[in-house]
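For the sequence shown, counting from 1, position 214 maps to 214 in my numbering; every step adds exactly one.
Please keep in mind that the hints were generated in silico from the structure rather than gathered at the bench. What you are looking at is a predicted structure, and each value in this text was computed from that prediction instead of being measured. Any given hint could be a false lead.
Stated by the list, open to error - Quick list of the computed label-pair ranges, beta carbon to beta carbon:
#1 Ala174 with Gly316: 43 to 49 Å
#2 Arg169 with Ser129: 47 to 53 Å
#3 Ala275 with Asp306: 20 to 26 Å
#4 Ser129 with Ser362: 22 to 28 Å
#5 Ala143 with Gly333: 45 to 51 Å
#6 Thr252 with Val48: 43 to 49 Å
#7 Thr170 with Leu369: 25 to 31 Å
Stated by the list, open to error - 20 Å max Cα-Cα, derived EDC-like pairs, lysine to aspartate or glutamate:
#8 Lys93 with Asp77
#9 Lys93 with Asp109
#10 Lys249 with Glu264
#11 Lys176 with Asp297
#12 Lys176 with Glu96
#13 Lys249 with Asp297
Glycine included, C-beta positions come from ideal geometry on N, C-alpha and C.
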Amino acid sequence: MGSVARRKGHGAEGKGSRGPAPAPPRPLPWRRKVLYAPIPLLALLAVVLGGVEVAVRLLVPAHRDSSATAAGFVDPDPELLWRLRPHASGPLKTNELGFRDGPYRSAADAKVLVLGDSVTWGDGVRDPSRVYTAVLEHALQAADPHRTCEVINTGVPGYSTFQQGAYLRTRGLALKPHVIVLQFCLNDVVERYHSVASYGGDNVFLGVDTRLGGSGLRPWLIRHSRAAEHLARALQHRARRLEEMEVEKLATDDPSPAILDAWEQVERELDEIHALAAQHNLPLLIAIFPYRFQMEDPPALRQPQDRLLQYARERGIPCVDLLPAFAMAAAGGGPPLFVDENHLGREGHALAARVLAVPVRSLLERARLAAPGPSGPRPAERTP
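Throw the hints in and build the complete structure from the sequences for me.
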């Protein structure tokens, strides 16, 4: 009895002296679950996946570049992620700087460096001479025939403000422009090269085979499995559609915390561009290009423009809002201004050039007067 009691007492003492209960075991990661699965289950999974792969290869044609895509004129770039290849030929040919523009005239008297994305590049317009930068150059030249005017179109599809700032810092300033124009598209706030990066690659993203990058199971599957590649492309297209919906969410009086964070990031990048321009005494002009959905009710859908205009006023940056001119033109009928939600047609590019011509000429004149000549600042000249 005593021994039993002692054993019970010992057990009671042990129970009272124990520490906290041990944590429950962590669940196994899915990869280890697969490894520990029974052999028949693994065999069945392999048969199902193999059948899907065979079906996709038989029923879905391989996705290939055509002559109308960016393949062959885009290269990876360590600073910019991608860049246009200089001297590319074909329907999307580039000049010696690697831009969809005419030959670069380094000795021009007045040079305007335009930083932009696919809108400035001219997506949807086959003839580069119809893009607003080329039309603007023609207008500036006609207004001042005694000086050579060069508008440098550095627009690259997919670029956002962080890449435009990086280009200005690494290469744009070396072109010695007199004025910088930043073409701002509303998707700069929400589309920041994450659709492709998040979903593992696409063999036709701007002609760069992004499947070749990355390590691990997902990139390996995308490189070797037609089914995995098509799934990745479907996810990317869905993500891009969601991004377009996010642009519409910018036009609200009650933006989400995520939208506010995105705006703050963009404004920090704009601050860097502004600081670079100020450091080199270069006038900076921000040109806000509208979206097609804003034509439905411009006064009620102009919240993004108002925020950016306020940002520019607080920093003393000249800013041009193209929405009023586009809304007036759209209300008056006539040829369409857009080819899709944010890319302009020929009429839209012509209208953008007309709106920008006056402020760009004013900044060029200011820069010319501020530039020292042989005996100080040059005298003013009359311009039409």
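To see whether the hints hold, each was checked on the structure:
{"no.": "1", "hint": "Ala174 with Gly316: 43 to 49 Å", "in the structure": "26 Å, violated"}
{"no.": "2", "hint": "Arg169 with Ser129: 47 to 53 Å", "in the structure": "30 Å, violated"}
{"no.": "3", "hint": "Ala275 with Asp306: 20 to 26 Å", "in the structure": "24 Å, holds"}
{"no.": "4", "hint": "Ser129 with Ser362: 22 to 28 Å", "in the structure": "25 Å, holds"}
{"no.": "5", "hint": "Ala143 with Gly333: 45 to 51 Å", "in the structure": "29 Å, violated"}
{"no.": "6", "hint": "Thr252 with Val48: 43 to 49 Å", "in the structure": "44 Å, holds"}
{"no.": "7", "hint": "Thr170 with Leu369: 25 to 31 Å", "in the structure": "29 Å, holds"}
{"no.": "8", "hint": "Lys93 with Asp77", "in the structure": "19 Å, holds"}
{"no.": "9", "hint": "Lys93 with Asp109", "in the structure": "26 Å, violated"}
{"no.": "10", "hint": "Lys249 with Glu264", "in the structure": "16 Å, holds"}
{"no.": "11", "hint": "Lys176 with Asp297", "in the structure": "41 Å, violated"}
{"no.": "12", "hint": "Lys176 with Glu96", "in the structure": "16 Å, holds"}
{"no.": "13", "hint": "Lys249 with Asp297", "in the structure": "14 Å, holds"}
The structure fails to meet hints 1, 2, 5, 9 and 11 from the earlier list, while all remaining hints are met.
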